[in-house]
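Protein chains in written order, with our numbering: chain A, 1 to 141; chain B, 142 to 629.
Worth flagging that the hints you see were computed from the coordinates, not collected in a lab. Some clues are possibly wrong.
[As the list claims (entries may be wrong)] Below, a list of computed lysine-lysine pairs in the DSBU-like style, where the Cα atoms sit at most 30 Å apart:
hint : chain 1 : residue 1 : chain 2 : residue 2
1    : B       : Lys557    : B       : Lys503
2    : B       : Lys213    : A       : Lys50
3    : A       : Lys86     : B       : Lys213
4    : B       : Lys213    : B       : Lys528
5    : B       : Lys457    : B       : Lys213
6    : B       : Lys182    : A       : Lys136
7    : A       : Lys49     : A       : Lys135
8    : B       : Lys457    : A       : Lys136
9    : A       : Lys26     : B       : Lys213
10   : A       : Lys26     : A       : Lys135
11   : A       : Lys131    : B       : Lys213
12   : A       : Lys135    : B       : Lys503
13   : B       : Lys182    : B       : Lys557
14   : A       : Lys118    : A       : Lys49
15   : A       : Lys26     : A       : Lys118
16   : B       : Lys457    : A       : Lys50
17   : A       : Lys135    : B       : Lys360
18   : B       : Lys588    : A       : Lys26
19   : A       : Lys118    : B       : Lys615
20   : B       : Lys557    : B       : Lys615
21   : A       : Lys118    : B       : Lys503
22   : B       : Lys624    : B       : Lys182
23   : B       : Lys213    : B       : Lys588
24   : A       : Lys79     : B       : Lys624
25   : A       : Lys86     : B       : Lys615
26   : A       : Lys136    : B       : Lys624
27   : B       : Lys557    : A       : Lys26
28   : B       : Lys182    : B       : Lys172
29   : A       : Lys50     : A       : Lys79
30   : B       : Lys588    : A       : Lys135
31   : B       : Lys360    : A       : Lys136
Keep in mind that this is a model prediction, so the values were computed, not measured.
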Amino acid sequence: MRDFRDTLVYILAALCALLMIAALLKWYIVFSILTVCAIVTYGLLGAYKKGQIGPTGLTLLVVGAVLIVAFIALFSLWKPGQLPEKLILGFHPATAILVYVIWLFPIITGVVYALTFKSFTLPPEEFEQIKNIAKKQNEGR
Amino acid sequence: MEQMPVAVLVIVGIYLAGMAAIGLNAYRRVKTAADFYVYGKRIGTLFLAIATFSSIMSGFGFVGGPGLVYAKGTSSLWITFAQSLAFPLAYIVLGKRMRLLAEVRDVLTVPDAVYTRYRCNIARVIMAISLLVAILAYMGTQILSAGLVMVSIFGVSLPVGLLIANGIVLFYCTVGGMIAGVDTDFAQGLIMVVASVGVFFAALITGGGMNNITTNLAKINPDFIGPFGLMPVLTALTWYLVFVIGNSGQPHMLHKFYMIRDPNRLAWAGLLSGVAYMLCSLLWMSVGLSMRAAVETGMAPPLSNPDLAAPTFLLKFTHPVLAGIVYGGLLAAIMSTASGFVNIGAACVARDIPAGFGITVKNQLAAGRWATVVIMIISTLVAFYAKMFVAILGAVGWGLFAGAIVPTLGLGLNWKRATREGAIAAMVYSVVFSVTVELLNRFNIWKMPHGIVSYSFSLLGAVVLFVVVSLLTKPRELETDIKAIMEI
Chain A
1 MRDFRDTLVY ILAALCALLM IAALLKWYIV FSILTVCAIV TYGLLGAYKK GQIGPTGLTL
61 LVVGAVLIVA FIALFSLWKP GQLPEKLILG FHPATAILVY VIWLFPIITG VVYALTFKSF
121 TLPPEEFEQI KNIAKKQNEG R
Chain B
142 MEQMPVAVLV IVGIYLAGMA AIGLNAYRRV KTAADFYVYG KRIGTLFLAI ATFSSIMSGF
202 GFVGGPGLVY AKGTSSLWIT FAQSLAFPLA YIVLGKRMRL LAEVRDVLTV PDAVYTRYRC
262 NIARVIMAIS LLVAILAYMG TQILSAGLVM VSIFGVSLPV GLLIANGIVL FYCTVGGMIA
322 GVDTDFAQGL IMVVASVGVF FAALITGGGM NNITTNLAKI NPDFIGPFGL MPVLTALTWY
382 LVFVIGNSGQ PHMLHKFYMI RDPNRLAWAG LLSGVAYMLC SLLWMSVGLS MRAAVETGMA
442 PPLSNPDLAA PTFLLKFTHP VLAGIVYGGL LAAIMSTASG FVNIGAACVA RDIPAGFGIT
502 VKNQLAAGRW ATVVIMIIST LVAFYAKMFV AILGAVGWGL FAGAIVPTLG LGLNWKRATR
562 EGAIAAMVYS VVFSVTVELL NRFNIWKMPH GIVSYSFSLL GAVVLFVVVS LLTKPRELET
622 DIKAIMEI
């Protein structure tokens, strides 16, 4: 039976191929959006387990959506060769998106991963299960 | 050469003595090969977090990064800003599975993980050789950088500078293995964070605040402070892609996942590593911008070399004590990356390659120590006599690791359908593509169009090839424990 992770891997491979094409064609916005999609897909591959993407996976989807909006906003605010009319918190508006959204916001993924590690990523009973398998194997050798 | 304040000399002297003392202390605690290669699998959250971040942050973050910002504006921020997502991503994709592998098997290295996943010695040897070649070149850059920093601080000749800085790394890595490596990484990481935060505020004060810095820089060229700086847009975007995803393919980071004593301690480490790296990004960003604004407003003369941006800023605009801490931080960044590499290189020589050929090394601890000495000597010779080799592989090292490891383990430990043939194809492609394109570029024969960073195509192509070849070849039945780890 096909696993959801099979689908994720096929999507990731397709995204990687499309990213190379988008780069060669200089499709900046498309490349940016595909980059975010590839990052999220790769992350989901690690977050997914037993039929669920879990809280970390959901956060990755939210971060991905925010990053896509941020990239679109960044490109719409970016006017090469022109002086910015005003600065936002010390930066050119498009650069402010890079600094305050693209840089700072994704760290929330680490917060959710930390908070839900024991409840979803590796509950104690699942770790025990692995330890038991290891124990049985060592006895067998 | 500008005279160093006494405070800088004293602080750097204390730092170097401290690193040697940590190495000596570690010597007493190294009893087995597991102690030497993976800290006896007993480190905690904070050590894991700080050691992973400090081995990823090399001297480039303290010199090359600010230099690029000074010369090209915001372009290179895409490298350092990628890490806020890259660290959590690496933990999500590989942290748990790598650590659980170490629970069920005698896994100490990245090639061990490749062998365990694919039950294939050819894949293990190819991974070990790829790592070793890239490590020798990467070590060459770190060794030269450490020597040059010693020259600039103490005014000694380059051979003497190399002898002092690398002698200390050799000493603590040989006697203390990964115990010394991680203990020094921890101390070095803390120094880097303190130094970066201190310099960030100094840079803001020197420039009169961020608004003032940006306004002054916009007058030279508005694009300098735009989101992509003066470099091609695709350089910035492909950097972001490679540095977010490729972080999970860096062996000096993955190797540390084995060392944690309890997998639950992975929980906060990704976040802490990311935050620590973000604090160091403050230096990368602020020093380059502030120094360039100082030059443009006549507060400082133009620099002959952009890489002088950080050293000049420190000597001209900061208190000698802070300058001393930052110089310590710079050496820390170089030495922590070097120690991570030398340990992995030693494991390749003393464990992975012999194991791949069916040879069992009886005393792996002694073999590891000898291999450490050999790696340091060869790296130093390479740094002196094979500058082209260092330049080529040093430039593509990150991408080469990413292209070889992201598909093989990042996908391979999360996708049951992956095959050994897919892994071998991805590793071989990554090495051949990275080196060929860089050679063509060096000899002005051909280069990637539109400013695309060549190693982005190394990573992307390797993922596509890995999936296609895996689908075209027959998967082997997974062993019970590996299957269980992949399902959890």
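Distance restraint between lysine 624/B and lysine 182/B, which requires alpha-carbon spacing of 30 Å or less | Holds, at roughly 23 Å.
Can the restraint linking lysine 213/B and lysine 588/B be considered satisfied, given a maximum Cα separation of 30 Å?
-> holds, 20 Å
Are the Cα positions of lysine 360/B and lysine 136/A separated by 30 Å at most?
-> Roughly 70 Å between the alpha carbons, so the hint for lysine 360/B and lysine 136/A is violated.
Pairwise hint evaluation, lysine 26/A against lysine 588/B, where the allowed Cα distance is 30 Å at most | Roughly 16 Å separates the two Cα atoms, so the pair holds.
Decide if the proposed pair is consistent with the structure: lysine 557/B and lysine 26/A, CA atoms, cutoff 30 Å inclusive.
-> Violated, because 35 Å separates the two Cα atoms, which is more than 30 Å.
Mind checking the alpha carbons of lysine 131/A and lysine 213/B for me, to see if they're no more than 30 Å apart?
-> Not satisfied, since the Cα-Cα distance of roughly 52 Å exceeds 30 Å.
Taking 30 Å as the top limit, are the C-alpha atoms of lysine 182/B and lysine 136/A close enough?
-> holds, 21 Å
Given pair status - lysine 615/B, lysine 118/A, alpha carbons within 30 Å | violated, 36 Å
Is it true that the CA of lysine 457/B sits at most 30 Å from the CA of lysine 50/A?
-> violated, 58 Å
Pair hint outcome, lysine 26/A versus lysine 118/A [Cα-Cα no greater than 30 Å] = violated, 43 Å
Hint consistency between lysine 26/A and lysine 213/B [alpha-carbon to alpha-carbon, up to 30 Å] | Given that 30 Å is the threshold and the Cα spacing comes to 21 Å, the pair holds.
For the pair we were handed, lysine 182/B and lysine 557/B, check the Cα-Cα distance against 30 Å.
-> Measuring from Cα to Cα gives roughly 27 Å; hence the hint holds.
Of the hints listed earlier, those the structure fails to meet are numbers 1, 2, 8, 10, 11, 15, 16, 17, 19, 21, 24, 25, 27, 29, 30, 31, in rising order.
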